[in-house]
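Note that my numbering has the sequence shown beginning at 1, numbered continuously upward.
Hints were generated in silico from the structure; no laboratory data involved.
Ideal Cβ positions, reconstructed from N, Cα and C, are used throughout, including at glycine.
Only pairs whose alpha carbons sit at most 25 Å apart, straight line, appear in this in silico DSS-like list of lysine-lysine: (1) K542 - K333; (2) K223 - K233; (3) K837 - K797; (4) K807 - K837; (5) K797 - K807.
Across the chosen pairs, the derived CB separations fall in these ranges: (6) F611 - A335: 33 to 39 Å; (7) A389 - S550: 45 to 51 Å; (8) N160 - I504: 34 to 40 Å; (9) K797 - T655: 48 to 54 Å.
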Amino acid sequence: MPIPQHHHSSRREAIIDSTIETGPETTCEFIPMREHDTPTGPGRSGARRVFSPVALFRALFLALIVAGYASPRGSLAAPAPASVPASAAPSSSGAGSTGSGAARQTKDTLPMKTGQTAKASPGLPSVSGDGYGWKTLSPALDRQIRAAQGKLGYVYGQLNRTDVVLGSEAMASLSDQTDSVSATAQSVQSQASSYQTVYESYLDIIGAKPVEGESDAIAAQRKRIQAALQDIKSTVTQGRLLGLQAKQMQMEIQRRGVTSQKALLAERMPSPLGVTFWRDVAGELPDIRRTAAPPVDNGYSGVFYRWPVLIAVLAGAFALTALIAHPLLGLLKKAERRIVARLTGHAPDATHRSFIPVTLAGLISGLVAFALWLLMAAVLGLGAGRSPAFMEGLGGIMPLCGFILGAGLPTLSRVTAVDGASQRSARALWGVDWCVALIVLAQSVLILISQENAFPVTSRRLIEALFVVVVTLLFLGLCRRLSRGTDARMAPAIYGLGCLVMAISWIAIAIGYIAFAFALVVWVVSVSVSLAALLLVALAVKEFTTRCFSHDSPVTRRMARLGVHANRVAQFGVLSSGIVNIALIIVFGAVLLSGGSLALPVIADHVRGLFIGQTINGIQFSLNTAVFCIAILVVAYYAIRAFRLWLENRLFPTTSLDIGARSSILNIFSYVAWILVFLLVLSEAGVTVKNLTWVVSALSVGIGFGLQSIVQNFVSGVILLAERPIRVGDLIELGAVKGDVKRISVRSTEIGLGDGSTMIVPNSQFITSAVRNATLGTSLSAASATVTISPRADATKAQLALMEMMKGREDIMQDPPPGVAISAITDTGITLALSAKVSSVRDVGGVTNAIMLDAYRVLHSIGIELGRCG
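Let the hints inform the model, and build the full structure from the sequences given.
As structure tokens, then:
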């Protein structure tokens, strides 16, 4: 990939020279940061130092001190930034650049009296060179950029080599080196930018342009600051350019990896059914013999050097693991029964099914197989002269093979049988574990040989074709054994998928696409084996958590004595099982990304890559960041809820706030808190306003068309919470709806109706419509009733009787006192108006009805005849 070259100043150097000569021994070391060279002090990283306003104020204060005590005639001699001591000299590795201007050549010394020796003033940073520390830091950054440029040149040279084909391991190494260059570029930008901020603040104090009557010292100081500031800007530009080139290089490496994978799958060779293919195999016989050659000149040997010893070691590890598998499972089952009997008081029955002993047997057998491999390989000197990558690959696959033998051999044997399956089904499945373990081992060996380019191409394709044929035939044989004379059947979906894979792979081999057929079968085997193993582990974990943390488990009973509720213990068990399942899903995703390799180191590297982060088309993805963001949300949820409960149960009862004000405060607090949490999550995820530009644009269009009603209700809800024209507990009337306000949110308001139902009303209706609030000013209300008596009746007697009745009632307020007045006199009757204050508007209807009934009884008891309503 061509690397663009830029020249920003006289210090600029070409990032990559196309004439760089690289060879097998070419290395490019990244100069480490020395503790005494660190710009931010020992043990700290300058890449993460941010120059804050507090540090700027401290720097200006120190500048005034130095100017007052050391500068001649008002010249400004400022110290280094508060966060970067002037005497510090960071040194990682850097790019070369020569000095630029007076900032690298002019010496600024402080005047001293005759005979006085230079002595560092305590509490002040040392002043060197330009008086600010940049002259000390700049060469270190130059070395840092220079080394990063050399590393990019090495990567560029390796990518353009034509004498060797780069494998996946080599591409991964180049990708790691490019990532280190990106980190260097960020470090350079961060360190230089902090100095740029300080120098610009000093230049603002002095002034960018000379003024009339200023001293020569200030003019010289301005010149030095401007020269140093130009040098700093050049360094920042170099860091940005370096980061851009590293990003382009990383994209090229990823493109090469995808291209090579596509080229491998699209590779077509002569068909094995033709003569040309076998002629090529015969022509590679001398190269095949060299695969067993011993090491020469302290180099690596052939991949099959001492192959009888290699096969013997693998066979011995498999055989010894298989011998201990059955006794180990028996011991684990006995231990399980004893533990269950001790905890529950009764032993499990004979039909008890458990995945825990089987899983533990597999895990222990995997460790045993790995230990046996390391022991026998070390004793027999199997690694002498072999490629370390080849030996590590074989060692990495042994735990999985041991797990398959340890979990499958005892379970599928004729003695133990599968839990819940008949002996005939177990007999049909007997030997499947051995076949799967050998298939996984053979697949891993072929992948390692392909990665090492240690075998002739055509012969390797022949072995891969034989592997495909054997695996597919074994699958058909298993299906046939299950279908003959047993009550077990292969699932139709699995059977159909297996037959489809077999047909595609055989046709691909026949027409010469052997690499495609091998990749397809390897992917199917890897997915099937990893899915089965992870499913067994998941079932064991689920069984363990169910037993230990169920409502009637011994752990739950013991925790109940400590005051922990059984539901909490059960929730802990469910969450623990869920976390393990998520971890297993992550491992399965790593298997899918591993290109068919089931070696534990490869899977572990991919899991680590998921957590640390991977750069895909220049965008950084990190599962670690995602987990951290989820943790922030969970912690924020419980923290916000706890603070709401504290406000509601502890603080509000000590205040005179009504229920509406309390509800508004709680809602506003919750919304503001979640907005802050959301911003924090975006910050941790690395999402900036620039990244959200397109999202904001899309939301603007959506708000303009389809989301305007939602936004309108949201804004109306904020207004309701802020102005509080209605509050929780108010009795309101909106159109034909009358009821109590139960809840106010930012989108809608809940109104409780008289029949017990709840009506949800959008908030915009409270802003755009007329609303009657019966309890806005006060909760008091008035109850009134009218009584008409005969025109011949004694109105004064009736009025006094009704007043006595009103004064004796307890459901009305006596302050202000109730009243009985004549409101109308007609030829048909005299109308008396009864009025009283009621403590709650919700009691008006009942109080009015009671007053009318008591008035009728009182008037009837004193002989007052009722009149007619005119």
